[in-house]
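J.: So the chains spell out like this:
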Amino acid sequence: MNLTIALFGIAREVVGQSTLSLEMPPEQSVGDLLAHLRTSYPALNNLRSLAIAVNNEYAQPADRLHERDEIALIPPVSGG
Amino acid sequence: MNLTIALFGIAREVVGQSTLSLEMPPEQSVGDLLAHLRTSYPALNNLRSLAIAVNNEYAQPADRLHERDEIALIPPVSGG
Amino acid sequence: MIALTDQPIDVAAALQAAESPEAGAVNAFIGTIRNRSAGRKVVQLHYEAYDAMALHQLRRVAEQAQERWPMLTRIVVIHRKGTLQIGDVAVVVAVSTPHRGDSFAACQFIIDTLKEVVPIWKKEEYEDGTTWVAAHP
Amino acid sequence: MIALTDQPIDVAAALQAAESPEAGAVNAFIGTIRNRSAGRKVVQLHYEAYDAMALHQLRRVAEQAQERWPMLTRIVVIHRKGTLQIGDVAVVVAVSTPHRGDSFAACQFIIDTLKEVVPIWKKEEYEDGTTWVAAHP
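Protein chains in written order, with numbering that gives the first Met the number 0: chain A, 0 to 79; chain B, 0 to 79; chain C, 0 to 136; chain D, 0 to 136.
In short, the hints are calculated from the structure, not lab data. In this text, a Cβ means the ideal position worked out from N, Cα and C, and glycines have one as well. Watch out, some of these pointers could steer you wrong.
[Stated by the list, open to error] Ranges between beta-carbon positions, derived for each pair:
1) C:20 with A:26: 25 to 33 angstroms
2) D:50 with A:34: 22 to 30 angstroms
3) A:0 with D:73: 40 to 48 angstroms
4) D:35 with B:21: 53 to 61 angstroms
Kindly produce the complete structure, drawing on both the sequences and the hints.
T.: Take a look at the structure:
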């Protein structure tokens, strides 16, 4: 399945682009995606935290991803 | 000595005037004055609290009063 | 800025007076006139103040806050007096601090202490009478 | 009222939106841009937001506050994004309740939770570089 991942803040700078398009096997979990991204972009491991949002909600590692999900990589937030 | 006492809020209404002029013996304390006022105007005893201010500060019962003191009777405050 | 006024309080000006480039956090408490009190419909309200002592005590409260929260960069307290209508602003407390937790704590201390010690009296007017608030047990 | 905006925040309008005739207490938190951060002089600052999720999460925070403080009569949260200068307002939270203690607690809950969950990122610009705030341990 093809996943599109939106990138923000320092994660966007680390990856060097604001969206990533990934071809992944079906039935991938949030944890699988995070592991894949951490391997592909080791500088992400320097961040204090890294989360995945699916359809505007924070996702859990075991959550399954689907091709039409709106996925985003969330580095440590610093609003307010 | 002659004391002038400023009255506010419900204490002013109970006494029926906004200042009281009292001729009292010298060396009177705040407690003496309060007792005198409570006797003269028994409706003051219905209030939740009653304090005396001397020169813009809350006074203690044992504090001595002087003729030139700025004295006020303070019923329960309700600002804010 | 500490003030007692018989004119409408300019809340925006009060907040601006509390802001400072050294402080990232402003907390403000604004007390307005409610349309009900203890179940009775309020028509309007009168605040009476012992002006000299009220100002002195307001300054004391601000000094106490500054001692307890030395990082306070600005303290603004403005209390209205006279006749107020429903929705009118009766009091504004606004403070600024470098970090936000202190701003909440200091602002709450100031309004709580103000209500205990500052000689201002509120008389509520209902359709069928008036009451000096908190006067009786 | 929940909003994310790239225009200057009108603090007075936000406070007015929080006031209500049923509520006598308004508490407001205003976050402004400090001239220093961790000892470095800040020149300006950029806020980046994941707009759709930020708005969704801001609404969630407001809903959580409403559940925890059912007496909340109004909740206003406005967050700025884009480039901000020293002294600019980055965020306003304003709530109203019948009694003041609840207004302080609910307002503090909202700003504390906002800072934890809302996907907005702050990049500080100094005379000699930039940092994404809180990104690294």
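J.: All hints are to be evaluated individually against the structure, with a verdict given for each.
T.: Hint by hint, here is what the structure shows:
1. Checked against the hint of 25 to 33 angstroms, the C-beta distance between residue 20 of chain C and residue 26 of chain A comes to roughly 53 angstroms, which is inconsistent with it.
2. Taking 22 to 30 angstroms as the suggested C-beta distance range, the pair residue 50 of chain D and residue 34 of chain A conforms, at roughly 28 angstroms.
3. Checked against the hint of 40 to 48 angstroms, the pair residue 0 of chain A and residue 73 of chain D passes, with Cβ atoms roughly 44 angstroms apart.
4. Take residue 35 of chain D and residue 21 of chain B: their Cβ atoms lie about 59 angstroms apart, and the range 53 to 61 angstroms holds.
Consistency with the previously given hints fails for number 1 only.
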